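**Q** From just these sequences and the hints, can you work out the full model?
Quick mapping for you: the protein sequence lines, in order, are chains D and R.
Mind the numbering: the first sequence is residues 3 to 376 in my numbering, read in order.
Mind the numbering: the second sequence is residues 45 to 254 in my numbering, read in order.
Derived from the structure by calculation, the hints contain no laboratory data.
Be careful, since some hints might not be right.
Within a straight-line C-alpha distance of at most 25 Å, the following computed BS3-like cross-link-like pairs (lysine-lysine) qualify [stated by the list, open to error]:
hint: 1; chain 1: R; residue 1: K71; chain 2: R; residue 2: K57
hint: 2; chain 1: D; residue 1: K22; chain 2: D; residue 2: K328
hint: 3; chain 1: D; residue 1: K257; chain 2: D; residue 2: K148
hint: 4; chain 1: R; residue 1: K57; chain 2: D; residue 2: K118
hint: 5; chain 1: R; residue 1: K165; chain 2: D; residue 2: K118
hint: 6; chain 1: D; residue 1: K214; chain 2: D; residue 2: K283
hint: 7; chain 1: R; residue 1: K177; chain 2: D; residue 2: K185
hint: 8; chain 1: D; residue 1: K214; chain 2: R; residue 2: K71
hint: 9; chain 1: D; residue 1: K180; chain 2: D; residue 2: K31
hint: 10; chain 1: D; residue 1: K118; chain 2: R; residue 2: K171
hint: 11; chain 1: R; residue 1: K121; chain 2: D; residue 2: K118
hint: 12; chain 1: D; residue 1: K28; chain 2: D; residue 2: K328
hint: 13; chain 1: D; residue 1: K180; chain 2: R; residue 2: K121
hint: 14; chain 1: D; residue 1: K200; chain 2: R; residue 2: K121
Remember, it's a predicted structure, so these values are computed and weren't measured experimentally.
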Amino acid sequence: MVRNMMPNSAGNIAPGRSVKMNRIEKTIKDVVKSYGYMDIFLPIYEYYDMLKDTMHNFRDENIIRFIDRNTGKSLVLRPDFTPQVARYFANYMSDFPLPIRLSYNGRVFRNVDLDKGVKSEKLQVGAELFGNSRLEADTEMLLMAKRVFAKLDIDGCKYVFGHSSFTRRALELAGDCKDEYHKHLAAKNITAIAEMFKGDNDPEKFLRHLPKAFGGIDTVRELAEKCRFDSELAESVDYIVTLFKRLIALGLDPKALVFDASESAGLDYYTGITLSVLHAKIGESLAVGGRYDNLTENFGRKACACGMVFYVEEIYSVDESDISLKEIDWLVVGSENLCKCEELRDKGFSVFYAEDEKAKAELESSYNFLNTLS
Amino acid sequence: MRTDDCINVALPKGRLAEDTIDLFLKKGITREGVVDFNSRMLTFHDEENNIKFMMVRNMDVSTYVKHGAADIGVVGKDILLESAAEVYEYLDLGFGYCRLCVAGVKDSDLSYRHDMVVATKYPSLTKNFFAGKGVFVETIKLYGSIELSPIVGLSDFIVDLVSTGQTLKKNGLVEVETMLESTARLIGNKSMAKVKYQRIREILEVVESA
Numbered sequence: 003m004v005r006n007m008m009p010n011s012a013g014n015i016a017p018g019r020s021v022k023m024n025r026i027e028k029t030i031k032d033v034v035k036s037y038g039y040m041d042i043f044l045p046i047y048e049y050y051d052m053l054k055d056t057m058h059n060f061r062d063e064n065i066i067r068f069i070d071r072n073t074g075k076s077l078v079l080r081p082d083f084t085p086q087v088a089r090y091f092a093n094y095m096s097d098f099p100l101p102i103r104l105s106y107n108g109r110v111f112r113n114v115d116l117d118k119g120v121k122s123e124k125l126q127v128g129a130e131l132f133g134n135s136r137l138e139a140d141t142e143m144l145l146m147a148k149r150v151f152a153k154l155d156i157d158g159c160k161y162v163f164g165h166s167s168f169t170r171r172a173l174e175l176a177g178d179c180k181d182e183y184h185k186h187l188a189a190k191n192i193t194a195i196a197e198m199f200k201g202d203n204d205p206e207k208f209l210r211h212l213p214k215a216f217g218g219i220d221t222v223r224e225l226a227e228k229c230r231f232d233s234e235l236a237e238s239v240d241y242i243v244t245l246f247k248r249l250i251a252l253g254l255d256p257k258a259l260v261f262d263a264s265e266s267a268g269l270d271y272y273t274g275i276t277l278s279v280l281h282a283k284i285g286e287s288l289a290v291g292g293r294y295d296n297l298t299e300n301f302g303r304k305a306c307a308c309g310m311v312f313y314v315e316e317i318y319s320v321d322e323s324d325i326s327l328k329e330i331d332w333l334v335v336g337s338e339n340l341c342k343c344e345e346l347r348d349k350g351f352s353v354f355y356a357e358d359e360k361a362k363a364e365l366e367s368s369y370n371f372l373n374t375l376s
Numbered sequence: 045m046r047t048d049d050c051i052n053v054a055l056p057k058g059r060l061a062e063d064t065i066d067l068f069l070k071k072g073i074t075r076e077g078v079v080d081f082n083s084r085m086l087t088f089h090d091e092e093n094n095i096k097f098m099m100v101r102n103m104d105v106s107t108y109v110k111h112g113a114a115d116i117g118v119v120g121k122d123i124l125l126e127s128a129a130e131v132y133e134y135l136d137l138g139f140g141y142c143r144l145c146v147a148g149v150k151d152s153d154l155s156y157r158h159d160m161v162v163a164t165k166y167p168s169l170t171k172n173f174f175a176g177k178g179v180f181v182e183t184i185k186l187y188g189s190i191e192l193s194p195i196v197g198l199s200d201f202i203v204d205l206v207s208t209g210q211t212l213k214k215n216g217l218v219e220v221e222t223m224l225e226s227t228a229r230l231i232g233n234k235s236m237a238k239v240k241y242q243r244i245r246e247i248l249e250v251v252e253s254a
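**A** What follows is the structure, given as structure tokens:
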């Protein structure tokens, strides 16, 4: 039976839901555009070899892979846009002056475990900024996110920062236990870390404190005190303090800013700050971003870079805006009215045409027509 | 209903939930009379302390936490390792001690060999454990009465939780070795840790304090 055959974790989006999804996608695209980003279209599949060294969190278990019948090489359904954008920037934009701002939208694909309540496709809108100085560009990512959520009327977002240089330095301080410390730090395993470092010296006290160091501006200040013994750590924390001050001066609610000192995902990918936009209504991020100054070098052009990607489905799930989902301006019934339809469309109205008067009642219960002509 | 500052706690029905509530009472995180273990209700709301408890199957705790339906939860280390859930594992709570053991039929050859079949609720942990010993095994996932399986020839060995060893003995099985010692862990959703950082950190601080 093919009647309801569908691959596992693949999804349809119903007509009503699509109205809201489109609205969210368009809002993000408009905001990104207002910061001067230029849209590019990118391939839906890529060579495995291109992605394996250039993508954050690239694992065989997470990708959907198939074989190119011409070359025999592995192909992967696009799991992430960023390497593609970086390749485009490095190879095809050498005649553009820096900074370069590129944006994109579309679906990414991933292999997911069955029955975990997650889909294999995700709709994204993203922006990447190449060749701009650190603080300015990092700030721009956040302002863009703030503007998107303000336009969508979504309150209560938390902007959560990590700092990959800070975390890398902390791992160095763990010395020979670096890998074990990294594993426990990623799990914020307070008990295991307390077992590892029992000493009373500054570095050990700091390493013990780190899994608990997540919170607002007070947490950052407290952390700054605790890492004075090491100039590299202090420099990273000072950067966060400066960034927070700047963001607050630019109108961000101080309570919305969070720093997570043990954020340790993608340490071989990110080179500076990382950012996730979170919300109490959902366990997943609404948007993520960060600085990745080493990526474009893989494609032959070295440039500092940072980016931000918005997850449309996740934003949908916190968007409570009341939108009439299947709203259509006119229902026009009967072949004698057919020419009227085009006249109305010429005037900018949406028109649903139905031939049969008998279907009218049923149509009116399924859709929300603002006017009817029959 | 998820609100901005209410803390939702997923607890595994049974002893671990009771021990957790005892601990939370002692630490002042909740008050007496909120959770009634004899009722058939699945959620309990402590409005005074703005905390909610939900009773779920032990295997499901990490799922509720992973998706953020619960901000924190309590689950055995055995289950946490088996599910490999992407959650924070804040604290070892010390209670809920149990051992995950390999057991076989009494008076039979209890040496390991390649291609033997092991029945268990923990196929992933079991495969890793035997792979670490250089022994390739096939696992059969069962959901209960694991002890039956080697007796009726479904498997050569079992891997299961053992407390006193009485159930093994009554069914003609003997313990071969301990695979893992487990205690209860306080786990947390990765996003909610940061969204509700004030309350989560307060809870961690009081639970951690002696």
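**Q** All the hints need checking, so say for each whether the structure fits it.
**A** Okay, the hints, checked on the actual structure:
| no. | hint | in the structure |
| --- | --- | --- |
| 1 | R:K71 - R:K57 | holds (21 Å) |
| 2 | D:K22 - D:K328 | holds (10 Å) |
| 3 | D:K257 - D:K148 | holds (14 Å) |
| 4 | R:K57 - D:K118 | holds (21 Å) |
| 5 | R:K165 - D:K118 | holds (19 Å) |
| 6 | D:K214 - D:K283 | holds (23 Å) |
| 7 | R:K177 - D:K185 | holds (23 Å) |
| 8 | D:K214 - R:K71 | holds (19 Å) |
| 9 | D:K180 - D:K31 | violated (41 Å) |
| 10 | D:K118 - R:K171 | holds (22 Å) |
| 11 | R:K121 - D:K118 | holds (21 Å) |
| 12 | D:K28 - D:K328 | holds (17 Å) |
| 13 | D:K180 - R:K121 | holds (23 Å) |
| 14 | D:K200 - R:K121 | holds (23 Å) |
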